[in-house]
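Please build the complex by placing chain B with the ligand on the supplied structure of chain A, with the hints as guidance.
For the protein sequence lines, the chains are A and B, in the order given.
UniProt numbering applies: residue 1 is where the first sequence begins, and numbers increase by one.
UniProt numbering applies: residue 1 is where the second sequence begins, and numbers increase by one.
There could be a bad hint or two in this list.
[To be verified] Straight-line Cα separation of at most 25 Å, DMTMM-like style, residue types lysine to aspartate or glutamate; simulated pairs:
1. K409/A / D76/A
2. K409/A / E34/B
3. K66/A / E210/B
[Said to hold, decoys possible] Across the chosen pairs, the derived CB separations fall in these ranges:
4. M202/A / A13/B: 42 to 52 Å
5. A13/B / A212/A: 33 to 43 Å
6. S386/A / A126/B: 53 to 63 Å
Keep in mind that the hints were calculated from the coordinates and are not lab data.
Just so you know, even glycine gets a beta-carbon here, dropped at the ideal spot from N, CA and C.
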Amino acid sequence: MSTFLGIPGLRKTQPAHDPNILPGTAPIPDEPLRWGQDFPHAAREALKNEQMRRNLGHATATIRAKRAQVVGEAPDWEDLRDTGSQLKINTLAALPALLEQFETNFTARGGTVHWARDAQEANEIVTALIKATGETEVVKVKSMATQEIGLNEYLAEHDIAAYETDLAELIVQLGEDMPSHILVPAIHRNRAEIKDIFLRRMEHTPEGMTDAPRELAMAAREHLRKKFLAAKVAISGANFAAADTGTLTVVESEGNGRMCLTLPETLITVMGIEKIIPSFTDLEVFMQLLPRSSTGERMNPYTSLWTGVTPGDGPQNVHIVLVDAGRTKALADDVGRAALKCIRCSACLNVCPVYERVGGHAYGSVYPGPIGAILTPQLTGSTGHSDPNNSLPFASSLCGACFDACPVKIDIPSLLVHLRARVVDEDKAAHRPTGWGAAMSAASYVMADSKRFALAEKGTGALRALAGKKGYVAKLPFPANGWTQSRDLPAPPKETFRQWWDRTHPQDSDPATQNNGDNNE
Amino acid sequence: MSEARAEILNRIALALDGVPSAVASMPGAERPQEVPRAYRADSEVATGSAQALEILVDRLVDYRAVVHRAASECDIAGVVAEVLSDAGSLVYPDGLDPAWLSKLPASVVTHEDSLTAPLGVMELDAIDAVLTACRVAVADTGTIILDGQPDQGRRAITLVPDTHVCVVYAQQVVHLLPQAITQLALHPTRPQTWIAGPSATSDIELNRVEGVHGPRNLHVIIVGG
Ligand code: SF4
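Chain A with its partners taken away, still in its complex shape:
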């Protein structure tokens, strides 16, 4: 199995017992979309962290209940989903024209549009723009795109300090951790851990600060206030970009977004090309779908809309970097194109039984959860058999909850099945014996004959020995190892059904021939 692992080089390998690093911290990787072990190994590690599982269970249960309530309030919810889905499909099909239209409108209002083919190019553009202002510090609004391209690390290498201002993002940054959720990056932390991180890493914390959420939030306010008021450059993402007007939208709760989008002189927005929407008026659809799906609110506290420069109001030096970074590759693919509809609400994470138990870090990508399992391998492309991202499509029980929750109706379970088939096909094409194939031909041989089947059942005792005290088999011998690459095999019970039947029904030797049981009554 070590061949399947392929742990990529980590920028910082944390010493295992560093007392300054909280358990459950993911070190900052070189590749924000491919880090750590493959999913099965990472998940097994994550499952040992009971604290994280409790934190996550509590948080996701809370958000699920809130979402269900506000979605239930909207009698036209399904109609909104239909519209949102079709709008996204149409957008992707007309992307070149819409991007050009956006560019024209944004430019006409005094903004500057930049294009970046990949993460490196995006980072270079942003860095050059900051350098041109002469500043060495920037404030940031939470943005998945900048997480994805590893902007903060790139800026640090170029002597620019980037301060995350979203509370959860701040917790992750201070903890030198990686995000574990699209919307609430520090969802894996509880209040006690957050207090701990603040006490260790924040310059000044209020005297006698407890772990009450209010006190922690106020400590963050104090910490960031001076930065906001002094900031000359801000970096943001964008939730939506309306092509017909050139209008950008940022959806947030805390007001940190408004601070960054309003007070500095220079504003640089980094956005994936798929975030375009055709028309300003389409916001009436997405701004109903997004808040209810993401935070379970009828409307998030603050939404900011801006179109280029407004003389005298807000930043006067306004830029947007339109990022490809694998999106055009995804667009050329049927599964990838469906994944690009995503509006990053995170509802699919919150309802996913797998995510709820293993947490975001196990996915080894800044995009975790059901959508991450599709989007991540689509954006990175596969580097071959040992690519840990190849295991992501197997990180699901296919229960269907994510499809039901998705505001733009991405059929995540079907897409996952599709991707799984591809991974298996790739192995077949490479003439690698697949575990699936081997298991099926063995099973058909065994099951075709009742004596062979009885014999095989007895053989499961050997598996119990293999499982040992752990109670599961993590690694079957070849060729069955393909099965355990992506899942553990529970140890078989002490007794097989046949053994149990023989013991409890000494007079009837073969259950298969007994038809006079109690099933007639």
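Then chain B with the ligand, alone, in the frame of chain A:
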């Protein structure tokens, strides 16, 4: 740079060229077609009606905003004076109706802000409260929308002071978001701020805590209705 632009647009064109047949073979094939629009664009709840106001108030209170009522135009000044009686200082945009300030106690120091004579960030930080009008309000989502016109001012003045007092006329209260968007779409490029309650975060164990970076207090004065 334009090289990157040309290449990305070319990549998209190539990507779109090959896919349709593959997309059609997908489960639940998704193809571009006319957008269905069956969601509620209009409402039987009349704009500015008692029912619309009731829904708005319910949502605002749920978000922990404080709601005040002024029976008519001439009562605004009285309510403003009451709400701001404890404030040491107030900023207002230059296009605000001066009558709204007429009953403020002398203890409240007022500052006017405008595009041409803007207050500095540090000055704003020292001011307790801000008073503005709004463009439109959405009852269903409890959202008050500002679009930067002279009676609402620059975005910074409603952001930095800790208390925002916003005057909403009953006729400005629509039931549903699409109704508000219809109005906003008349001037889509104005800078907009949509506000639903005071600043809040749910980042710690997903518990909502009011008051992080934006104003920690939101007072809404509903006029008429
Ligand atoms: S896939 Fe759907 S549910 Fe998941 S984050 Fe994207 S839009 Fe939300």
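Each hint, compared with the structure:
1. Taking the CA atoms of K409/A and D76/A, the gap is about 15 Å. The hint holds against a cut of 25 Å.
2. Our distance criterion of 25 Å between C-alpha atoms is met by K409/A and E34/B, whose separation comes to about 16 Å.
3. A C-alpha spacing of about 17 Å is found between K66/A and E210/B, which places the hinted pair at or below 25 Å, so the restraint holds.
4. M202/A and A13/B have their C-beta atoms about 49 Å apart, which keeps the hinted 42 to 52 Å range intact.
5. Between A13/B and A212/A the beta carbons are some 55 Å apart, a value that contradicts the proposed interval 33 to 43 Å.
6. In this structure the hint that S386/A and A126/B lie 53 to 63 Å apart at CB holds, the actual value being about 60 Å.
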